[in-house]
Amino acid sequence: DGAVTLGPQTEAIITVTIGATVPTGFEHTAADEVKEKIGVEARISRDRGRIYFQITTDQLFQVHLLRSVDNLFVVVDEYEHYQFKDTKEETLLDLQQLASKLPWTNALEVWKLNNSLKKKRSRRKGGNGTKVKPDSEAMDAGMAEAEQQQPPQPLSSESQAKEESTPELETIAQEPEESAPEAKLIKFRVTCSRAGDKHSFSSNEAARDFGGAVQEFFQWKADMTKFDIEVLLNIHNQEVVIGIALTEESLHRRTITHFGPTTLRSTLCYGMLRLCKPQASDIILDPMCGTGAIPLEGALEFHNSFYIAGDNNDMAVSRTLNNICHIQKRREDKGSVPGLRIDTVQWDLCHLPVRTSSVDIIVTDMPFGKRMGSKKKNWDLYPSCLREMARVCRPGSGKAVLLTQDKKCFSKALSRMGGLWRKLHTVWVNVGGLHAAVYLLKRTGAMFGQTPEDVHEPQGMANTPEDEK
Amino acid sequence: MKLLTHNMLTSHVKGVTKGYPLLIKATEVKVNEVEFNPEFVSRMIPKLEWSALVQAAEGLGHLHELPAELTPDYEKNEEFLKKAHRVLLEVEVIEGCLQCPESGREFPISRGIPNMLLNEDEV
Numbered sequence: 001d002g003a004v005t006l007g008p009q010t011e012a013i014i015t016v017t018i019g020a021t022v023p024t025g026f027e028h029t030a031a032d033e034v035k036e037k038i039g040v041e042a043r044i045s046r047d048r049g050r051i052y053f054q055i056t057t058d059q060l061f062q063v064h065l066l067r068s069v070d071n072l073f074v075v076v077d078e079y080e081h082y083q084f085k086d087t088k089e090e091t092l093l094d095l096q097q098l099a100s101k102l103p104w105t106n107a108l109e110v111w112k113l114n115n116s117l118k119k120k121r122s123r124r125k126g127g128n129g130t131k132v133k134p135d136s137e138a139m140d141a142g143m144a145e146a147e148q149q150q151p152p153q154p155l156s157s158e159s160q161a162k163e164e165s166t167p168e169l170e171t172i173a174q175e176p177e178e179s180a181p182e183a184k185l186i187k188f189r190v191t192c193s194r195a196g197d198k199h200s201f202s203s204n205e206a207a208r209d210f211g212g213a214v215q216e217f218f219q220w221k222a223d224m225t226k227f228d229i230e231v232l233l234n235i236h237n238q239e240v241v242i243g244i245a246l247t248e249e250s251l252h253r254r255t256i257t258h259f260g261p262t263t264l265r266s267t268l269c270y271g272m273l274r275l276c277k278p279q280a281s282d283i284i285l286d287p288m289c290g291t292g293a294i295p296l297e298g299a300l301e302f303h304n305s306f307y308i309a310g311d312n313n314d315m316a317v318s319r320t321l322n323n324i325c326h327i328q329k330r331r332e333d334k335g336s337v338p339g340l341r342i343d344t345v346q347w348d349l350c351h352l353p354v355r356t357s358s359v360d361i362i363v364t365d366m367p368f369g370k371r372m373g374s375k376k377k378n379w380d381l382y383p384s385c386l387r388e389m390a391r392v393c394r395p396g397s398g399k400a401v402l403l404t405q406d407k408k409c410f411s412k413a414l415s416r417m418g419g420l421w422r423k424l425h426t427v428w429v430n431v432g433g434l435h436a437a438v439y440l441l442k443r444t445g446a447m448f449g450q451t452p453e454d455v456h457e458p459q460g461m462a463n464t465p466e467d468e469k
Numbered sequence: 001m002k003l004l005t006h007n008m009l010t011s012h013v014k015g016v017t018k019g020y021p022l023l024i025k026a027t028e029v030k031v032n033e034v035e036f037n038p039e040f041v042s043r044m045i046p047k048l049e050w051s052a053l054v055q056a057a058e059g060l061g062h063l064h065e066l067p068a069e070l071t072p073d074y075e076k077n078e079e080f081l082k083k084a085h086r087v088l089l090e091v092e093v094i095e096g097c098l099q100c101p102e103s104g105r106e107f108p109i110s111r112g113i114p115n116m117l118l119n120e121d122e123v
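Sequence order for the protein chains is A and B.
Under the UniProt record's numbering, the residue at position 270 of the first sequence is numbered 270, and the numbers go up by one with no gaps.
Under the UniProt record's numbering, the residue at position 76 of the second sequence is numbered 76, and the numbers go up by one with no gaps.
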């Protein structure tokens with residue numbers, strides 16, 4: 001049956017599979033969050049950066065509150081071992097025929113429900129907020145100039161999801177579903193992502209032919225830019241998943257309004273924080289905070305800890321402060337207690353003005369040779385960093401979660417710090433197209449100033465070790 | 001700058017051995033509401049230098065009967081925890097400076113952000 005009616009929402013609660021894209025490398029932490037907040041097991045796909053889990057439709061609003069996911073879609077159907085035909089022509093014809101055989105009904109119901117959730121969120125804001133424009137990861141240092149003149153921009157509607165969750169619950173239960181206008185023409189597009197070297201077709205061809213058949217079947221209008229429905233065709237070797245998008249743009253620009261040249265998306269920040277499992281009253285430092293993305297995510301999501309965001313750069317601390325103030329103002333506007341457990345300091349990370357052994361966790365994004373700093377600088381910087389971080393970090397219980405693209409330099413620096421740091425785990429991630437790694441380190445029980453590393457001057461440092469303060 | 005942060009900060013000027021606690025000279029102080037969580041406060045207290053906190057709060061005129069000594073069983077004393085919460089998280093120095101007790105070097109505080117950067121010769 002191909003007809004889609006736009007009448008009142010059905011009352012029945014149905015079970016569907018939701019797909020979520022997450023930062024590659026953080027599939028397990030995302031699955032953890034799903035287990036914790038939705039209460040279901042998530043399946044990690046062979047296609048990196050994707051997890052799947054089942055929900056009942058009354059849980060949809062909760063799904064939007066997940067902090068580890070970038071984009072959400074509802075699965076129409078999935079094939080683990082799709083039998084592609086031998087020739088391109090036959091394969092594409094087969095995909096066309098597939099369109100009319102798929103079980104669209106439930107997925108479309110979820111899409112409708114999702115729309116009504118979105119409308120309510122943006123209505124609360126008084127219409128659609130302007131979307132945040134900067135593509136944070138595409139920026140390089142050269143754009144820092146342009147950044148300065150940019151006035152603060154309101155967050156997009158998705159970003160309100162978390163703050164509005166509790167009031168939303170009541171709204172959904174009481175408001176009747178608005179009746180949509182009759183016979184509204186639906187506009188759609190198909191996005192195909194294809195990976196694998198045994199396919200006889202390209203993603204464009206698949207999108208075109210599959211899309212053509214979908215159009216034929218539903219009598220929708222194809223529109224690449226102003227679409228109501230985005231149909232997703234994901235082909236990863238023999239795994240084929242057809243879905244309908246539930247998010248318009250990445251959720252990851254939720255927290256930061258004042259961007260810097262290398263602002264990390266908040267899903268990545270959340271993943272890093274979740275790795276180190278912040279406990280109540282943990283003192284958590286980000287000594288190279290940039291715009292404060294990581295500590296701000298922490299102050300919101302793991303709010304029983306205390307965050308100190310520090311950087312040596314004037315613009316960075318200023319932006320961090322602006323980002324914090326923006327969030328606090330937003331909380332105040334909603335009637336929540338505004339204050340966050342976070343503070344900002346301007347400092348030099350190689351000479352931290354912080355008491356020895358006083359910090360529980362250090363989480364930070366270390367300068368990449370390509371995006372910021374330089375490879376040569378890193379050779380000098382990394383050993384000094386690691387030493388100073390070891391000094392302030394609590395022996396025995398302290399932890400560090402460090403993101404870096406310069407894995408070679410970092411590993412070398414770390415290998416000379418065995419007395420102070422022990423590597424627990426490495427997560428391979430992708431940041432703005434660059435292959436990076438997140439290292440989870442444990443501070444050894446050794447007191448600073450007593451291990452061989454402290455006696456010899458580390459590479460690049462001119463000063464002798466400071467006395468314990 | 002919150003007083004909890006101040007409790008962590010120390011002077012790192014070269015040659016200084018008694019750089020803690022930094023003296024606060026405030027020209028603007030604000031009180032901002034932060035949600036009270038008794039567990040957060042009680043677990044934080046062992047990590048603090050209590051006398052430095054009391055001294056700092058007193059200097060700002062925000063002591064408000066916070067005791068100079070910790071009493072046993074403070075974890076269960078909600079009145080006390082609320083006072084500690086206020087002093088740790090809600091009192092903020094917006095403008096002023098932090099002074100190294102040994103060298104006298106001043107670190108400015110602007111918009112609530114202390115600038116702890118040292119000049120090359122001080123490092």
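Treat the hints with care, as some may be off.
To be verified - Keeping only pairs whose Cα atoms sit at most 27 Å apart, straight-line, the calculated DSSO-like set for lysine-lysine is:
hint, chain 1, residue 1, chain 2, residue 2
1, B, Lys82, A, Lys334
2, A, Lys442, A, Lys277
3, A, Lys226, A, Lys120
4, A, Lys277, B, Lys14
5, A, Lys334, B, Lys76
6, B, Lys47, A, Lys277
7, A, Lys277, A, Lys377
8, A, Lys442, A, Lys35
9, A, Lys329, B, Lys30
10, A, Lys37, A, Lys120
11, A, Lys88, A, Lys101
12, A, Lys120, A, Lys184
13, A, Lys329, B, Lys83
14, A, Lys35, A, Lys112
15, A, Lys277, A, Lys423
16, B, Lys82, A, Lys329
17, B, Lys47, B, Lys14
18, B, Lys83, B, Lys30
19, B, Lys47, A, Lys423
20, A, Lys423, A, Lys442
21, A, Lys118, A, Lys184
22, B, Lys83, A, Lys377
23, B, Lys83, A, Lys442
Please keep in mind that the hints were generated in silico from the structure rather than gathered at the bench.
Checked hints:
| no. | hint | result |
| --- | --- | --- |
| 1 | B:Lys82 to A:Lys334 | 24 Å, holds |
| 2 | A:Lys442 to A:Lys277 | 13 Å, holds |
| 3 | A:Lys226 to A:Lys120 | 20 Å, holds |
| 4 | A:Lys277 to B:Lys14 | 36 Å, violated |
| 5 | A:Lys334 to B:Lys76 | 32 Å, violated |
| 6 | B:Lys47 to A:Lys277 | 19 Å, holds |
| 7 | A:Lys277 to A:Lys377 | 31 Å, violated |
| 8 | A:Lys442 to A:Lys35 | 26 Å, holds |
| 9 | A:Lys329 to B:Lys30 | 16 Å, holds |
| 10 | A:Lys37 to A:Lys120 | 22 Å, holds |
| 11 | A:Lys88 to A:Lys101 | 20 Å, holds |
| 12 | A:Lys120 to A:Lys184 | 20 Å, holds |
| 13 | A:Lys329 to B:Lys83 | 25 Å, holds |
| 14 | A:Lys35 to A:Lys112 | 25 Å, holds |
| 15 | A:Lys277 to A:Lys423 | 16 Å, holds |
| 16 | B:Lys82 to A:Lys329 | 24 Å, holds |
| 17 | B:Lys47 to B:Lys14 | 26 Å, holds |
| 18 | B:Lys83 to B:Lys30 | 16 Å, holds |
| 19 | B:Lys47 to A:Lys423 | 25 Å, holds |
| 20 | A:Lys423 to A:Lys442 | 6 Å, holds |
| 21 | A:Lys118 to A:Lys184 | 18 Å, holds |
| 22 | B:Lys83 to A:Lys377 | 46 Å, violated |
| 23 | B:Lys83 to A:Lys442 | 34 Å, violated |
Going through the hint list in order, the structure does not satisfy hints 4, 5, 7, 22 and 23.
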